[in-house]
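Protein chains: 2
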Amino acid sequence: MIMKQSIKVAVDAVVFGYDPEKGISILLIRRKYEPFQKSWALPGGLVGNDESLEDAVRRELLEESGVDVHYLEQLYSFGKPGRDPRNRVVTVAYFGLVRPSDYQLAAQTDAEDVAWHGIAQIPRLAFDHRAIIDMAITRLRGKLAYEPVGFELLDKKFPFSDLENLYQTLLGREIDRRNFKKKIIGYGFLEELDETIQRKAGRPAHLYRFNKKKYDELKTKGYNFDLFL
Amino acid sequence: MIMKQSIKVAVDAVVFGYDPEKGISILLIRRKYEPFQKSWALPGGLVGNDESLEDAVRRELLEESGVDVHYLEQLYSFGKPGRDPRNRVVTVAYFGLVRPSDYQLAAQTDAEDVAWHGIAQIPRLAFDHRAIIDMAITRLRGKLAYEPVGFELLDKKFPFSDLENLYQTLLGREIDRRNFKKKIIGYGFLEELDETIQRKAGRPAHLYRFNKKKYDELKTKGYNFDLFL
DNA sequence: GCAAAAGTGTTAGACATACACCCATGT
DNA sequence: ACATGGGTGTATGTCTAACACTTTTGC
Chain H
1 MIMKQSIKVA VDAVVFGYDP EKGISILLIR RKYEPFQKSW ALPGGLVGND ESLEDAVRRE
61 LLEESGVDVH YLEQLYSFGK PGRDPRNRVV TVAYFGLVRP SDYQLAAQTD AEDVAWHGIA
121 QIPRLAFDHR AIIDMAITRL RGKLAYEPVG FELLDKKFPF SDLENLYQTL LGREIDRRNF
181 KKKIIGYGFL EELDETIQRK AGRPAHLYRF NKKKYDELKT KGYNFDLFL
Chain W
1 MIMKQSIKVA VDAVVFGYDP EKGISILLIR RKYEPFQKSW ALPGGLVGND ESLEDAVRRE
61 LLEESGVDVH YLEQLYSFGK PGRDPRNRVV TVAYFGLVRP SDYQLAAQTD AEDVAWHGIA
121 QIPRLAFDHR AIIDMAITRL RGKLAYEPVG FELLDKKFPF SDLENLYQTL LGREIDRRNF
181 KKKIIGYGFL EELDETIQRK AGRPAHLYRF NKKKYDELKT KGYNFDLFL
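Residue numbers (the UniProt record's numbering), protein chains in the order written: chain H, 1 to 229; chain W, 1 to 229.
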């Protein structure tokens, strides 16, 4: 009925990073080979015959960019005929979050260069990677509302204002400092440390740490986080 | 670096139906051929070389079961090596909702039989289809909370109690009739009709109709539905 | 002493929840 | 007349949202 199938399977990763100075960024590589040689693109590539999808993304990310993500989840699969000029390729896109400060970028194999690009300044990309990124951004915004996504993006110890700023950036609007803090502290998965930090002028800020154990406890008890404001 | 890839791409569909008498069901087919000959399985099959993923699911569904779904969204892609005993197969699973009363089931091509199975009585299934269904059920429960999913599952005109019962079934607990009605009516995307219906004993019930236009209006205005109770 | 960022409580209104009786019909 | 399912309002408490001044530091 159907002619012998000749479709390739690939994976791609949209990895987000956050920097209190520069905002939200995405990890992109510059392609070394055709097609789209020298274009910026998402890290990714073909899946090995005996490799799981997730292993494939992690491998490609490490090879092409030197990043080993903490948080990784499947985003969506893209498979319209024609999205790759060579063969029919179905790609399973993944969504990742990292602290950029944890890694030093290193382009290898298929990548000629790697860099973080602010989400407001994404260059023209190879294939349909722009559409994949748009979907990832929507997902990131959506996750904000019911999961404390931010903690994967911030340093292990961070001043409360970093969390505030991250949320303001992602939501694209101001939030009320007092109400936000009340709510987050109320959940009880943040620990206040004795240390303080001072980054520019102004009063030094206490540092906080995410208590994942407490968070997981609350979540398994069916607790519902509602982090909008 | 990687040996010539030999992975096949398939699609599978988890289609939910609701019947006020029998509850939530899933559409399953009985396989005509090996492997898992005569096992129950999700409708699905290999993707054609020039066919989009969604076209492939719709085609397979129509061929194997005679059902042409209204509502269809991508669920998740499953690709662990070994999930198909013959070749490596990556399957893109879809999630669908239909009104069972709209269709007459008809098994064709690879299917020897088709039937609705209540979600509490799913037989042993081929491949990893059980895991796919579990994920689909989780998704269905999740969607409940923020989208009026129910309307895809109910008849075009339905008594309010059908909606109540659907929610009770999906949530697995009782809900307060008065509060539920207040909330739903408050959103304004339901139209009360003049007709009434009487199914057994008791006072006849007014029929309602979902006003999709109004719903889409509200949604684009960024309205947030919160349908828990 | 002034600019910059951190820290902190109260109040009013909106929304969620809990709760019980009457109505229209079939048998 | 009784059994069955449909229909409706109010009161209470909880959560959300709005709002501004003081503290600590660098310059």
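The hints are simulated quantities; they were obtained by calculation from the structure and are not laboratory data.
Where hints are given, some of them may not hold.
Within a straight-line C-alpha distance of at most 30 Å, the following computed BS3-like cross-link-like pairs (lysine-lysine) qualify [what the hints assert, rightly or not]: (1) H/K221 / W/K214; (2) W/K221 / H/K183; (3) H/K32 / W/K181; (4) W/K143 / H/K182; (5) W/K143 / W/K214; (6) W/K4 / H/K143.
Heads up, incomplete: computed chain W residues facing chain H, CB under 8 Å, no partners named [unchecked claim]: (7) Q5; (8) L72; (9) Y76; (10) I122; (11) H206.
All residues carry an ideal CB built from backbone N, CA and C; glycine is no exception.
Run through the hints listed earlier and report the numbers of any the structure violates, in increasing order.
Structure breaks hints 1, 3, 6, 8, 10 and 11.
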